[in-house]
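**Q** Protein sequence lines, in the order shown, are assigned to chains A, B, C and D.
All residue numbers for the first sequence refer to my numbering, where the first residue is 1 and numbers rise by one.
All residue numbers for the second sequence refer to my numbering, where the first residue is 1 and numbers rise by one.
All residue numbers for the third sequence refer to my numbering, where the first residue is 1 and numbers rise by one.
All residue numbers for the fourth sequence refer to my numbering, where the first residue is 1 and numbers rise by one.
No false leads were mixed into what you were given.
Which copy is meant is left open, because identical chains are indistinguishable; a pair holds if it fits in one copy or across any two.
No farther apart than 25 Å at their CA atoms in a straight line, the calculated lysine to any residue pairs in the SDA-like style are these: (1) K268 <-> P311; (2) K177 <-> S298; (3) K268 <-> E180; (4) K177 <-> D29; (5) K177 <-> R309; (6) K177 <-> S308; (7) K268 <-> A174; (8) K268 <-> G301; (9) K268 <-> D184; (10) K268 <-> T280; (11) K177 <-> A305; (12) K177 <-> G301; (13) K268 <-> I292; (14) K268 <-> G288; (15) K177 <-> R54; (16) K268 <-> S290; (17) K177 <-> D287; (18) K268 <-> D287; (19) K268 <-> G226; (20) K177 <-> Q299; (21) K177 <-> K268.
Derived by calculation from the structure, the hints in this document are not laboratory data.
Keep in mind the model is a prediction, meaning the values are calculated, not measured.
Number of protein chains: 4
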Amino acid sequence: MTRRLRMGMIGGGPGSFIGPIHRIAAEMDREIELVAGAFSSDPVRSAAAGQTYRIDPARAYASVDAMLAGEAARDEGIDFVAVVSPNHHHLPAARAALAAGIPVLSDKPMTATLAEAQELAGLVAAAGLPYGLTYTYSGYPLVREARARIAAGAIGTVRKVVVEYPQGWLAGEAAGKQAEWRVDPARAGLGGCIGDIGVHAFQLAEFVTGLAVTELLADLGAVVPGRQLDDDCTVLLRFANGARGVLLASQIEVGERNGLRFRIYGDKGGMAWAQERPNTLTVNTADGRSEIVHAGGSQLGPDAAARSRTPTGHPEGYLEAFANLYRDFAAQLRGEAAPLLPGIADGLRSMAFIATAVSASRDRAGWVALDI
Amino acid sequence: MTRRLRMGMIGGGPGSFIGPIHRIAAEMDREIELVAGAFSSDPVRSAAAGQTYRIDPARAYASVDAMLAGEAARDEGIDFVAVVSPNHHHLPAARAALAAGIPVLSDKPMTATLAEAQELAGLVAAAGLPYGLTYTYSGYPLVREARARIAAGAIGTVRKVVVEYPQGWLAGEAAGKQAEWRVDPARAGLGGCIGDIGVHAFQLAEFVTGLAVTELLADLGAVVPGRQLDDDCTVLLRFANGARGVLLASQIEVGERNGLRFRIYGDKGGMAWAQERPNTLTVNTADGRSEIVHAGGSQLGPDAAARSRTPTGHPEGYLEAFANLYRDFAAQLRGEAAPLLPGIADGLRSMAFIATAVSASRDRAGWVALDI
Amino acid sequence: MTRRLRMGMIGGGPGSFIGPIHRIAAEMDREIELVAGAFSSDPVRSAAAGQTYRIDPARAYASVDAMLAGEAARDEGIDFVAVVSPNHHHLPAARAALAAGIPVLSDKPMTATLAEAQELAGLVAAAGLPYGLTYTYSGYPLVREARARIAAGAIGTVRKVVVEYPQGWLAGEAAGKQAEWRVDPARAGLGGCIGDIGVHAFQLAEFVTGLAVTELLADLGAVVPGRQLDDDCTVLLRFANGARGVLLASQIEVGERNGLRFRIYGDKGGMAWAQERPNTLTVNTADGRSEIVHAGGSQLGPDAAARSRTPTGHPEGYLEAFANLYRDFAAQLRGEAAPLLPGIADGLRSMAFIATAVSASRDRAGWVALDI
Amino acid sequence: MTRRLRMGMIGGGPGSFIGPIHRIAAEMDREIELVAGAFSSDPVRSAAAGQTYRIDPARAYASVDAMLAGEAARDEGIDFVAVVSPNHHHLPAARAALAAGIPVLSDKPMTATLAEAQELAGLVAAAGLPYGLTYTYSGYPLVREARARIAAGAIGTVRKVVVEYPQGWLAGEAAGKQAEWRVDPARAGLGGCIGDIGVHAFQLAEFVTGLAVTELLADLGAVVPGRQLDDDCTVLLRFANGARGVLLASQIEVGERNGLRFRIYGDKGGMAWAQERPNTLTVNTADGRSEIVHAGGSQLGPDAAARSRTPTGHPEGYLEAFANLYRDFAAQLRGEAAPLLPGIADGLRSMAFIATAVSASRDRAGWVALDI
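Okay, chain A solo, but in the shape it has when bound:
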């Protein structure tokens, strides 16, 4: 029997939104089991989290180092860490794990700054260990179907990309744990909306098209009175093949929930997908045909088909998409190919995107190169 892989979580303590999500995603396919965690630097809180996750109390640690040491001393210690702590902890957490020879799966963003991301890229290369980034939306089966079809020429040469990520939950005063850090430059970094969700749209656009963004023009705004970080973003894009693009992200669009979506047009067709209705992909062709491709259905290619757990008509969603990334990471740990899992390259490009967009907008710089 191939045993379950053992995961240690870094972060994800009481009140965390994303920690429990990672736990569900990691364990969904029974490839992986949460066995340990450095959930908080406060021992009491870390123990409380361990209790919530129902793990062995002895394996709820109060620091990353303690976890790495404690697990190394066990016969059945952790196989990898999942980093879900605040952004500025991503680098130290990953650094410590890699130094201990432990692979890393990290929540996005890769790090707090581009410089940190570059440092981490070097560490990963030197360590020669698996490293993955949970750009969740690239785990949706129909996102992968879109990618595969575009790569196979279904819409011809990509000419135009529209990617949007509307939300409305920060349209008022930011209240609550999840909101407060996102509007605080000390905790969120340079970017607000652009770093929180704009970067998801950016990564998705590159993921689905297989094309790199080479230039951008950014217009970031802070709409809510008194807000210091951007909460509404428009970024014009140019891709490596000359394709034109637009990226819209906002957290002040009242009534929008989590509306990540893309429309991609080539010279022979077009495609559209939206995260809130993730089980259909629209495909149009230049002869006037409009097709709806259904998740789990018979029209899917092998990658998308393999990432459904239920027959067509049984909706899968965000958690299952997230679990597909863990499945990919588990495959990598077992020495199998899982090339679609976002990793260092996505991380570096994403951090460069945030840094470039923030500086270009602040300086009203017009079109600037996105170098990485």
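Mind docking chains B, C and D on chain A? Use the hints.
**A** Quick look at chains B, C and D alone, frame taken from chain A:
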């Protein structure tokens, strides 16, 4: 720490569709852990399943009795069984578990026949143990929201119910393990479509309205040439308060996937929900207002709100709905109230529905009472 | 120049809903011009209507006979009449026109009773004049596209038909001119909902499939307390080729507007269309493909294409569908073929449907033949 | 009786798309009648058009001047002209009509250039005659409902506007009369997509919000190889109150038909509407409620309610929206208020928008003021 509950699975061997679904659902909230199974009566196949599920090889048994005995002998034996074997095994499996003092969560239908269901109802009553039935669709948060709102009078007195369950996958020759048993009277029982999916629609109609069906008129047909069991069903309904209803279920509607849905109308409003777009509920009122209620959103009542794992805009689906039933069952095992989990009453009524519909249609009996 | 055809309207006086609709539809393509009317038997009201329609005051008559005589005396008298008066006037109006050698386009229903319809059928046959019935929904381009594709075998042999017509506007006390006559047996005839809208669903089902209903089982109810006529109808259908069908019509489903729709399934595919979103037709095939056919688009056959006035993406609706029937009738008057315009056969079958459904439901007769 | 107003058409000869549309729209409410036309400068073609429209052959003229003279000589000459000729004819046509004391309703754009528009504005002011511009989409009832609700504060202070107009029909080689002139700088003017459809989006954004655009940043591209005019446009906007905006228009997005739509967000709510589904308006509020407002329904304000011809659930579309503008213009001619009909101010602002966007994009000028 409240430990995870330990589950033994009965059925769910190689090639099973529903076994892995139960496993994911059971473990999603880390309330429960799959630790043992009598996955098949063939020892080799049971062992293979155990390996797929990554459980301890010693706990993959070749019979229910072996599992019950083996687990009873362990300090950390199973806390309950999940019955996912073919329909005619449901009664013996549940009987054995109950005799061993083990609670039962069973896939629908309760048993193969109404007589068996009545026997099982007696056994459960005598044992005084928790018993649940996974009528999955009653686990959707917005189904519960609809139920709660209707109970609170949001649409006034219910007058009309339309519940539909269209599928198309049995429109041709039934091929493959999942299809073949469903069209074979020896394995599926008296009912084909009516027992496989019509009964889901029936249970959902009663669950959401809180009203019992008291009379029905059934017209079941076998559309595919040569088919012995019904594959297309129309059933007219009357509810206890006089409300009129229609239940449509079919497995020969080409292009339909898993289209369970309901529309319920009262004298003050109406509601509509569809399983393939489960994250919205439409609510109309007699003054002309049309509202869309979103899963995870701020307009939800407590029960629906508590059954979302992610914020609004992050689609949850079939597996999460299923997991809500396991969460309810775990609560019952821990001595907490979870009154919405379907159980004996739903099971008996559902079996009576199937039996009554089949006989009434065969006899062209017109309106008949649904007694139970 | 081929001149515009001259129309005289019978009925459509002050407060009429359908009169102005007919006027718009008739004139939309400039094939026809409203020039005269017997809008009301009250001379003052007929004159007022004429003023509203902005016709020559001398041509607003107070009786059908006066109009027929007056127009016959003119060089440029009317070419046909449009009958839009209450149902029990349909026969005398048509009889008078035919006797005067004037073709008739009539609003549905054909007459107030089946016996009257049979009389009218004889009169039309004897007169040898064009007669059309405005079953509006058969004028939608995508309804015709569905009909043409089904006739061409796109979904194989039709096996199942679901046709629905939900409305909610009579869920409360019937108030206002439009509501009051519909719930009054003296004015509406034997059928309430079944005659007002159920018959539209019936005609549409036969129109699109090209199949005749041969048997039915009707369950008509009067849901609103005190109502004498049916306001909620379920009718099971069998078609000439053995296909199964269900017809649902209701006027008490709060929140529904004018939701006429159909889903038709064959052994090779399925189709769905809904009047409230009339510019798309969904076509599914047994290999799992789902196609959206767009009004005005390049995938349409000749009949549907010829019945769009604007390019794809410019929504056309109810009035344009209605105008397509007038276009057909004008073609007939000019001696051209327009075989899809509903006429005597549709009228007779529809009246038989109403009569049969009402009596079968009243008598709880079970399955009965639909003879005509 | 208030007689029908008499319209003379300028342009709209054989092969014209928009001429017949104007004719249908003008006559839909029987306020107006097409009686004359200078359909083409070729007498044969003008006569042919007159025959198609079924007007008196004597009133199909070969020049605007001939029509104005001929009609002036009649007792029942035209009351106004509808200008539907190519863009560069708009000014001379309007100038001639105004000089003859004849009011003008013109298709957009107002003129071929901003300078011409300014000249025309002066002529209209001097003449003191009604002048309207058919920015069609502002005639939709739910667009007016959105405007009225926003003006009444339903979404609070407008903060963000996203307006889009995707089309795909010029993604390939431009073939056919309608396509060819649009990609030819000699006939279309400076702007391609921006002038053809981008300007509709611009006008709609200002119309619905009641706010003027004060600054813009334009990025216009010519995507199809060899194309001289823009076919894909992104324009960032700032409104007078500081609100941020984005305007996307494209004619190379394969599979898009006529997807004009807007989403407008304030500090208290948001609204969304799309031309291809024009009979619903989505309204969200900051407390999490989502409402669907239906055309023709009871939730509408007076202006929107007055612009529906059928009850809710009977789809109205593009032609009915267009007809609402003619109804407004007829009201103006009769001396009644119809303040929502677009006119000189919309025309000037639109022409300035096109000119500014084209020059700013060509010069990569960044943010520029939109002065008018």
